[in-house]
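S.K.: Sequence:
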Amino acid sequence: MASIELGEALKSLKAERVKLNAAIAALEGLYGTGKSLPVANGNSGKRIMSAAARRKIAKAQKLRWAKFRAQKKVKT
Numbered sequence: 070m071a072s073i074e075l076g077e078a079l080k081s082l083k084a085e086r087v088k089l090n091a092a093i094a095a096l097e098g099l100y101g102t103g104k105s106l107p108v109a110n111g112n113s114g115k116r117i118m119s120a121a122a123r124r125k126i127a128k129a130q131k132l133r134w135a136k137f138r139a140q141k142k143v144k145t
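Going by the numbering used here, the sequence shown opens with residue 70, and the numbers climb by one from there.
If you are wondering where the hints come from, they were derived from the structure by calculation, not from laboratory data.
Note that CB positions come from ideal geometry on N, CA and C, so glycine has one too.
Among the hints, a few may not be true.
[Stated by the list, open to error] Restricting the straight-line Cα-Cα distance to at most 20 Å, the calculated cross-link-like pairs of lysine-lysine (PhoX-like) are:
(1) Lys136 to Lys125
(2) Lys131 to Lys142
(3) Lys131 to Lys141
[Unchecked claim] Computed Cβ-Cβ distance ranges for the label pairs, DEER-style:
(4) Ala122 to Arg86: 41 to 51 Å
(5) Ala135 to Glu85: 52 to 62 Å
(6) Ala139 to Met118: 22 to 32 Å
(7) Leu79 to Lys144: 49 to 59 Å
(8) Ile117 to Asn90: 25 to 35 Å
(9) Lys131 to Arg86: 43 to 53 Å
(10) Ala92 to Gln140: 50 to 60 Å
(11) Ile117 to Ser72: 38 to 48 Å
(12) Arg116 to Ala139: 25 to 35 Å
(13) Leu96 to Lys141: 49 to 59 Å
(14) Ala120 to Ala95: 52 to 62 Å
(15) Glu97 to Ser72: 18 to 28 Å
(16) Arg124 to Lys83: 50 to 60 Å
(17) Leu75 to Lys141: 53 to 63 Å
Can you make the complete structure from the sequences, with help from the hints?
M.R.: In structure tokens, the structure reads:
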């Protein structure tokens, strides 16, 4: 009896999946591939960083690694 109920539930879920896939395909058709869907506030979600900011972050990361390596040498 349980296998019949599970079979029906599986059948129902598969039918629902077909409907959802169709709805997703329709929405992707409106917005392209769906990778850059618009959000409520109008931002695309992609962050743009200036070259100066990238240099600053790279310099800070190099200093962190240098500090880490120096501490590692002292412990060994």
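S.K.: Now look at each hint and say whether the structure bears it out.
M.R.: Evaluation of the provided hints:
1. Lys136 to Lys125: Holds - the C-alpha atoms of Lys125 and Lys136 are around 17 Å apart, at most 20 Å.
2. Lys131 to Lys142: holds (16 Å)
3. Lys131 to Lys141: OK: Lys131 and Lys141 at ~15 Å, within 20 Å.
4. Ala122 to Arg86: 41 to 51 Å: Since Ala122 and Arg86 have Cβ atoms about 44 Å apart, the given range 41 to 51 Å holds.
5. Ala135 to Glu85: 52 to 62 Å: holds (56 Å)
6. Ala139 to Met118: 22 to 32 Å: holds (28 Å)
7. Leu79 to Lys144: 49 to 59 Å: holds (57 Å)
8. Ile117 to Asn90: 25 to 35 Å: The hint (25 to 35 Å, Cβ to Cβ) holds, given that Ile117 and Asn90 are roughly 34 Å apart.
9. Lys131 to Arg86: 43 to 53 Å: Hint holds: Cβ distance 49 Å, inside 43 to 53 Å.
10. Ala92 to Gln140: 50 to 60 Å: Cβ of Ala92 to Cβ of Gln140: about 54 Å, so the range 50 to 60 Å holds.
11. Ile117 to Ser72: 38 to 48 Å: violated (56 Å)
12. Arg116 to Ala139: 25 to 35 Å: holds (32 Å)
13. Leu96 to Lys141: 49 to 59 Å: Once the Cβ atoms are compared, 51 Å apart, the range 49 to 59 Å for Lys141 and Leu96 holds.
14. Ala120 to Ala95: 52 to 62 Å: violated (41 Å)
15. Glu97 to Ser72: 18 to 28 Å: Given a distance of about 36 Å, which is not inside 18 to 28 Å, the answer is violated.
16. Arg124 to Lys83: 50 to 60 Å: holds (53 Å)
17. Leu75 to Lys141: 53 to 63 Å: With a Cβ separation near 56 Å, Leu75 and Lys141 satisfy 53 to 63 Å, so the hint holds.
The structure shown violates the earlier hints numbered 11, 14, 15.
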